[in-house]
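Visitor: Heads up: the sequence lines are chains A and B, in that order. Residue numbers for the first sequence follow our numbering, beginning at 1 and rising by one. Residue numbers for the second sequence follow our numbering, beginning at 1 and rising by one.
Hints were generated in silico from the structure; no laboratory data involved. For every residue, glycine included, the Cβ atom is placed at its ideal position computed from N, Cα and C. Careful: at least some of the hints might be erroneous.
Ranges of calculated distance between the beta carbons of each label pair, as one might list FRET restraints [what the hints assert, rightly or not]:
#, chain 1, residue 1, chain 2, residue 2, range
1, B, ALA84, A, ALA92, 21 to 29 Å
2, B, SER92, A, GLY225, 42 to 50 Å
3, B, VAL33, A, PRO149, 21 to 29 Å
4, A, ARG218, B, ALA99, 25 to 33 Å
5, B, ALA84, A, PRO42, 25 to 33 Å
6, A, ALA92, B, ALA99, 20 to 28 Å
7, B, GLY102, A, GLY225, 52 to 60 Å
8, A, ARG154, B, GLY69, 19 to 27 Å
9, B, GLY69, A, LYS216, 47 to 55 Å
10, A, GLY225, B, ALA67, 42 to 50 Å
11, A, PHE191, B, ASP68, 32 to 40 Å
12, B, GLY102, A, LYS216, 48 to 56 Å
13, B, ALA84, A, LYS62, 35 to 43 Å
14, B, ASP68, A, PRO89, 19 to 27 Å
With a straight-line Cα cutoff of 30 Å, these simulated DSSO-like cross-link-like pairs (lysine-lysine) come out [what the hints assert, rightly or not]:
#, chain 1, residue 1, chain 2, residue 2
15, A, LYS508, A, LYS498
16, A, LYS553, A, LYS498
17, B, LYS82, B, LYS48
18, B, LYS52, B, LYS86
19, A, LYS216, A, LYS62
20, A, LYS498, A, LYS449
21, B, LYS34, A, LYS125
22, A, LYS553, B, LYS86
23, A, LYS93, A, LYS125
24, B, LYS82, A, LYS175
25, B, LYS52, B, LYS82
26, B, LYS48, A, LYS125
Residues from chain A that keep clear of chain B, each with C-beta distances beyond 12 Å, as calculated [to be verified]:
#, residue
27, ALA101
28, HIS399
29, TYR434
30, LEU486
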Amino acid sequence: MTAKKSATAQLLPKLATGLLGFDEISDGGLPRNRTSLLIGGPGTGKTVFALQVLINAARERKQPGIFVAFEEGPGEIFANAATFGWRLPALAKDALFFLDARLSPTVVQSGDFELSGMLAILEAKKQELAADWIVFDGIDVLLALLQNPGAEVREIYRLRDWLARNNLTALITAKMNGDTSSPANYGFMQFMADCVIRFDRRLELGISVRRLEIMKYRGSAFASGEFSLSFGLHGMELVAPGKPEAFHEASTERVSSGFEGLDSMLGGGVFRGTSTLITGAPGTSKTTLAGQFAESACRRGERTLFVSFDEGGERIRRNLTSVGIHLDAYVKSGLLRMYSGRTDANNAEEHLMRIAALLLEHQPRCMVIDPLSAIAKTGALSSARAIGNRLIYQVRDHHITAFITSLVEGDDPQAEATALQISTIADTWIHLSYLVRGGERNRALTIVKSRGTRHSNQVRELVLSAAGPALTDVYSAGGEVLMGTLRWEKEAEERARKLQRHAEFSQKRRELQLAEADAAARIAALQRDLDRQRAELERYGRDEEARQVSSGKWETDLRRMRSEDGAGAAAPAIRKRRGARVSANSGKNGD
Amino acid sequence: MARKRTKASAAGASVTTVVVMRLYIAGTAPNSVKAVANLQAICGRYLKDGYKLEIVDVCEDPRRALADGVLVTPSLAKVAPKPAAKVIGNLSDTRSVLAALGLPAGQIE
């Protein structure tokens, strides 16, 4: 029956409660077919615990159960359960049975009585339902009527025997504090139960804080000490240490933050279903950033919830309008729901309950909480932390993309780590700060972390105007980041330098073009010169040949005319050499 | 199963109205046995024949008890005359039983 079959589970069979955190600290749940006693003062959460265990068993594991109510009527219990989204009337048809065991105030008592009649009725009902669980809520109310400690012990004995005979896993709630001031018979009740859980509610700085402690657990290991209890979306939750990692669907869908600049710094936006924390000093435009996100969500047609603390929705919308963020139309169409809580009137836990109810009611896909740090203002810091964490987990459970702002005094983002400590569970953390230089106070935006995203490490300046917020690059000069007017000056300077560089370049290019043209012209002139000289050389060569041919012919002719004899030895040689030439040129000269 | 013990009032008796009662008991549990004895004594003494009593054993007929909204045993329900009244316990305190049944306490001897 228990979720895990460990060695201890076999020694002592347990039934899982399905209550967030409790199964971990009790090493598997409540003892099966045994009695567990829930003790504590009024309003400590005993009834909710018992009811939740019963509902989880009936709904998740199809184990029917009986709830015997001595204090509250079924109607009141159904109404309370509805605030957690538990649909009791549907379950009450076949899986749960509610017995209204309240005695009418007009009932007269005359003498001693027993529980045997009631147990006979419950036994019949148990067989009809095949019930595994039974809850006796506020049995002390009935036992007190006996006005006789001996008779009370007798009836408790009777109850124990009956439970053992019927193989029921029982939860008995009783109003007592578990300390030495308890009446003796309740001490006996603690002895009879195998598991005793003490509930406690106390005031910490004027805020009620609920805790739970397992006082004893026969035959089982359990985590000792007190654990913080809170009421979440699905009922009671325990802030248990070493709780296994909560599983949440990891979406790869990117959701726009509403700023192009921020989206590109985040690698395309934040992941769907993640929570983004925006920290910053007062006036660093945390609300503006959150408002921009809400507006872009509405523009995409996604249902959005805007939770603000200590500032009304009207005023927030008016302020956002001045920076170009218009939410009025979406509020009118019902897409955007604005809720503002007063931290002086309610404690953190009540806000959590209210927000949980709103999440169920409005079913948002995107959400803004502005600022979450406000819940820590009036209450105990430890419980505010737990509630802050719980809220973020709830939002994640609903796969809601959330922007949560948190006020940090001063400019050190590390200060957040000492306040609500939500930065550790937020997926993305954006820090806004002021940079004061050159007589100006300018807003700077940094992404401290963003899980699963290669995000920019650059500091950007956040500029607000009537057209809406925008992010601009910042200049760093000599190791200093420049913003505002200094940035403008730097930008102007940069522009001037750019213009000058451009002019210089054009000038140089023109010069080079001219030089190139000049060189080309000179090359062309030289080429022409060369051609002319070549042509001249050729002509000269031809003239020379012609002259030699004509002079050779002249000599021959001359010799022939002279009929020479003395030079007869040389003459034939010349004649012979020339003869070849003569014959070659004979055509030309017409010899 | 319910044991019925009905004594109809005779015409012209001193008690004009008939008191209709139901006593829910749990088998032979000590207080249930005591309650039956105590009630019979009260009826015999103060109501003479002017009453109708039905004894319902919850162990035998739990559904009936559940339908009637009875959980604690023993318990006595006055059905008529109006107003209805309920007494829990073994009925050892005669005065409170008589008061619940609407009988003047002055009749107690």
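Visitor: What hints, given by number in increasing order, does this structure fail?
Guide: Those not satisfied are hints 4, 6, 9, 16, 20, 22, 24, 26 and 27.
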